[in-house]
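Required output: the full structure, derived from the provided sequences and hints.
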Amino acid sequence: MSKQTQRKSLDYVKKQYKRTRTMPASWYLSSYNYKYNITHFQPFLEKLKEKKLIANQCSSCNRVFYPPRFVCGKCLVKPDRWVDIRETASVATYVIAYLKDEEGNVQEKPMVLVNHDGADTCSIAMLEPGVDVKDTYIKMPIKAHWKEETEGGLMDIEYYDVMEDDAEDLE
Amino acid sequence: MGRQVAIASAGFSEHASKRSDVSMPELAQEAIEDCLKKVPSVEFDDINAYVNGNMPAFEGSNLPELWMTDWMGARNKPLMRVTTGGTTGGSVAIAGYYTVTAELPGIDTVLAVAFEQQSQGDTSVGLASVAYGEISILNNLGIPYDQLNRLLSAGAAIGVAAYQATTYMNKCRITEEDLARVVVQNRRNAAKTWWAHLKMPNLTIEDVLDTPYVQYPLRYGMVCPASDGCCAMLFTTEEKAKDMCDIPVYVNGVASVANETAVLGYDGGGSAQVDPSVQLGAMKSAELAYGQAGISFPRKEIDYAEVYAPFPNQELMWVEKLGLFEETTAPEMYETGVTARDGELPVNCSGGVNSTNAIGASAMERPATAALQIMGKASNQVPKTVHTAIGSGWGGSLNFITLLAMSDEPRRRFT
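Quick mapping for you: the protein sequence lines, in order, are chains A and B.
The first sequence begins at 3 in this note's numbering and counts up by one.
The second sequence begins at 151 in this note's numbering and counts up by one.
Bear in mind the hints are in silico, worked out from the structure with no lab data behind them.
Calculated cross-link-like contacts (lysine to aspartate or glutamate; reagent style EDC-like; alpha-carbon spacing at most 16 Å):
#, chain 1, residue 1, chain 2, residue 2
1, A, Lys17, B, Asp171
2, A, Lys111, A, Asp137
3, B, Lys227, B, Asp258
4, A, Lys76, B, Glu410
5, A, Lys111, A, Asp134
6, A, Lys141, A, Asp163
7, A, Lys20, B, Asp171
8, A, Lys53, A, Glu150
9, A, Lys102, B, Asp296
10, A, Lys54, A, Asp86
11, A, Lys20, B, Glu176
12, A, Lys141, A, Asp167
13, A, Lys141, B, Asp425
14, A, Lys141, A, Glu166
15, A, Lys53, A, Glu160
16, A, Lys111, B, Asp296
17, A, Lys16, B, Asp171
Dropping the structure here:
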């Protein structure tokens with residue numbers, strides 16, 4: 003068994019309690035009807051079909067929201083200005099997830115929050131499948147990889163390609 | 151400002167992963183009994199109102215506060231339930247403070263009870279009711295469920311806290327060894343606290359680093375447990391507190407501040423906290439609470455701190471953001487023993503949330519332990535005299551902070 007799958011627990015001082023009467027019961031909470039406003043999302047989704055990225059900007063504090071947001075939490079103003087943003091982005095922060103696939107093997111995959119160039123927000127995304135987990139770092143430059151046929155959904159950007167980092171160390 | 155509020159007593163139940171010997175009301179009663187034992191002159195008739203709270207849907211029963219009315223002695227008395235997720239305990243304590251300070255006729259003494267019996271309910275159902283809205287919206291916009299699962303590690307708190315840990319480690323240039331050091335300090339402290347859950351008197355840094363990753367950079371040994379437990383606090387007026395106990399603890403500043411969410415945005419939109427370890431909400435809450443309490447130099451004036459830190463990186467982060475240490479110096483303070491029990495500024499001598507996490511009660515155990523340290527009745531009492539202490543709470547998607555600043559002297563009055 004590999005080291006990643008073993009669930010080794012640490013020893014601690016345990017106390018045994020007497021068991022009182024227990025009644026098993028079930029509580030179903032499976033059906034929801036959430037309502038949310040999608041009007042501010044529609045222009046963004048239509049542009050995604052053309053493989054273009056737009057974001058909306060708060061006219062009060064000039065923050066750029068990608069993906070667009072209905073209301074700016076800082077100013078309580080509806081962002082009403084649309085701006086183009088670039089396909090390039092950088093890794094804002096990342097973690098490495100250890101989850102089992104269908105065959106039961108543990109997969110190491112970096113999960114990232116990306117900060118698009120020109121946007122002030124970050125959103126959850128995936129890196130390209132072949133990337134080595136040890137190479138991920140904060141501020142890593144990446145670029146959107148589009149799906150062959152776009153449908154107008156958030157998954158039109160399948161994943162992010164890693165770009166060559168041309169930054170030089172300061173001396 | 152309203153009248154001065156004091157804490158007369160605080161009590162705990164025993165914490166364990168499965169308290170199979172008691173039901174939920176009995177668990178609450180255990181803590182109330184421990185709380186009232188420390189103030190022998192107080193009877194149930196002297197308590198005028200109740201505040202109660204736990205994390206909604208985690209215990210598998212609706213309206214638990216009505217179920218345990220008789221066990222709390224709350225029959226025919228004003229009763230209120232407050233639930234704000236991870237900070238429930240902090241909000242319950244603040245609600246107790248508000249009830250006393252409001253000067254309502256006939257309401258002087260308030261008992262605040264926060265509890266959680268996670269073994270009784272289904273935690274994943276509770277979490278689903280919290281995060282399901284955001285996740286189903288993202289799913290509706292085109293991200294498949296299995297990917298969302300991987301991104302957020304099935305929605306648990308570690309899924310969002312790990313992002314924070316990465317940025318914090320990058321900013322401070324620390325390694326996992328520094329995180330493990332915090333865990334070791336907490337769990338060794340917990341071994342000396344009678345009510346704590348994970349008591350590990352012989353834990354070493356190597357033991358922690360030997361456990362597998364749950365999600366990089368957090369390992370299995372660094373993550374908080376899920377406990378059953380309860381905490382109770384008695385709030386009363388300045389005059390009555392002097393009759394009830396030897397050293398009343400005055401609540402001089404309270405704050406509960408929410409900031410924009412990190413990691414998950416609203417309705418599929420982007421989240422504006424690009425760096426989840428900045429935590430403007432914590433800084434703002436510190437500013438508010440210290441301003442009310444008249445603390446100008448938190449680093450000099452605060453003698454003891456209890457911070458809400460389920461994960462070691464958060465403990466390092468909060469002590470900086472709450473103004474106790476300079477930015478990026480906290481790991482060094484843990485290494486040199488400043489934060490140890492006999493150090494200059496002891497932090498989390500009860501073991502903290504890292505060792506005991508009964509979600510609804512956790513955020514109240516922080517101010518409760520800090521108050522007991524001032525009274526000199528804490529289980530793992532620090533050797534030095536504590537005059538001023540703070541207890542914080544954290545919840546939401548990295549964005550909701552509660553803070554109580556307490557002292558053995560009442561607030562200065564400018565009349």
